[in-house]
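Peer 1: Okay, here's what each chain looks like letter by letter:
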Amino acid sequence: MARFADPHAMQPSTPGRTRTAPPQLPDDFWSRPRMRTYLLFDATGIVYLLVGLVALRVAWALKSAEAWNALLTSFANPGYLLFHLIALVSAIFVGVRFFRLFPKAQPARIGPAKPPPRPVLHAMLYAAWIGITVVLLAILGGVWP
Amino acid sequence: MRNLLLRLEPIIWLLFGAGIMVGTLLLPGYLLTVTLAGPLGLLPDGALSFERAHTIASNPIGRVVLLAIIALPLWKGAHHTRALAVDTLGHHSDGLVASLLYAIAAVGSVLGILAVLAL
Amino acid sequence: MADSPEARGGGEMRKRTFVITRFDPDKDQVPKTQTYEIPCRPEWKVLDALNFIKDEVDPTLSHRWSCRMAVCGSCGMNVNGEPKLTCKTSLADYGDTVEVAPLSNFPIIRDLVIEMDGFMDKFKAVKPWVIVAKEKAAEEGTYRQSPEQLAVFKQFSMCINCMLCYAACPVVAKEPDFLGPAAIALGHRYNMDSRDEGAAERNEVFRGEGTVFHCSYANECSEVCPKNVDPAAAINQAKLNAVIDWATSFVVKRGK
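Protein chains in written order, with the working numbering: chain A, 1 to 145; chain B, 146 to 264; chain C, 265 to 520.
Calculated directly from the structure, the hints in this document are not laboratory data. A couple of the hints might just be wrong.
Claimed, not checked - So, partial list: chain A residues that the calculated Cβ filter (under 7 Å) puts toward chain B: (1) L40; (2) D42; (3) G142.
Beta carbons are placed, not taken as given, at the ideal position from N, Cα and C, and that holds for glycine.
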């Protein structure tokens, strides 16, 4: 129950004395739950690319009132709404996974500086996320100023 | 091509890191209002009128935030799409795929800078 | 300490079926599987079953093992598709059928034995030893290191080179140049060692052909590591250090 991995994976620089079989992967390597989550995480890259390009349209549309209103009207199309809903779910999925993995990627010290303990860092990340979201909701949502 | 990519890798990784961190922090607030609640008519009147939107976006901080929302997700997106391409297509096309994706991110970032300056 | 079968965790002997990869380079073009049905004691690990098969059923089966207590790193294999140390993997966690295959991503020498030299190449490339510009004279005494300085890298020094992380890593599967989890973790261990002065050299290796930036933080390596080395933490710390080293290399002139 195996498929072949890349034939050059882990090959030595000088061949051994006997013929070896090529490297293998289990048939279900890519479909196991953790691997599926990881592939989904990488696939959000496509969503982020599109979000950035659409945001570029938003900036362009601020040239004139007509362009702006036309853009907001087109954003009300089911296609755009679905895309942006997927984008929102992706951003939250990315944030949760990234915030879980980020603290352990901090070196114990960089020169004289030491990062905060991992749980503190975790809490700071979520506090920043919620705080920034609330501020953006208030400003862009017309509540403040 | 691979050698050029190797030499640029530190910068690309920094941009990707900024993209995933700052981009993800900013996206929910932006998406909920400008792309979902706004077009669905759930926001108070005038919240995203052209005048108000333009005022917010042309504010110096607004310009920086808008540029961040345009450019940073592009670098995160390019880097992760490249990883997905290697996982699915193998490493032989990596040079071409990576160059294409980072070129999109770079061009998008430059256009973003121009758009934000023109506000 | 009771010695009854119940105390040893379950009681009864149980017939289990093992589907084991076989490959003889003199006879086979590609690996195939062979099935063995054997009675298993309840407290057995997978390694006990393999040794029983080799001793009692089929002496031609080849597999690596040594300490049988998860410190030597010899017995790494795929058990139902997951990289495991077979001396540490209880049969009680499995059902009637257990698949045993050689470690993923490695060329196969024979049966369950994989070619390790590719790993040794990557291992040596990161210069896993303390590098100092000038050796301390014996009269000056030993290197001093506080417990805090040790704590910075101690976790990453616990690697037993079992290579389960290489079997689990999707980038190792697809990107042959990648240095891989254990090698990078070990290089990082030396970079963070207060006695070491070779970080600049190693960071050049980290930014070279085997670049640490190939790692896409799947975290699979840390999930399978039997010694809680957390290579994913080491690799991603190494990325940041490599970038800082790269940036400062423009400012600070490097001597040879």
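Peer 1: Now tell me if each hint is right for this structure.
Peer 2: Okay, the hints, checked on the actual structure:
With a cut of 7 Å, the hint placing A:L40 at the interface with chain B is violated, because the nearest CB-to-CB distance is about 10 Å. For the restraint placing A:D42 at the interface with chain B, the shortest Cβ-Cβ distance is roughly 4 Å, inside the 7 Å limit, so the hint holds. The criterion of a C-beta within 7 Å of any C-beta in chain B is met by A:G142, whose closest approach is roughly 2 Å, and the hint holds.
When held up to the earlier numbered hints, the structure conflicts with hint 1 and nothing else.
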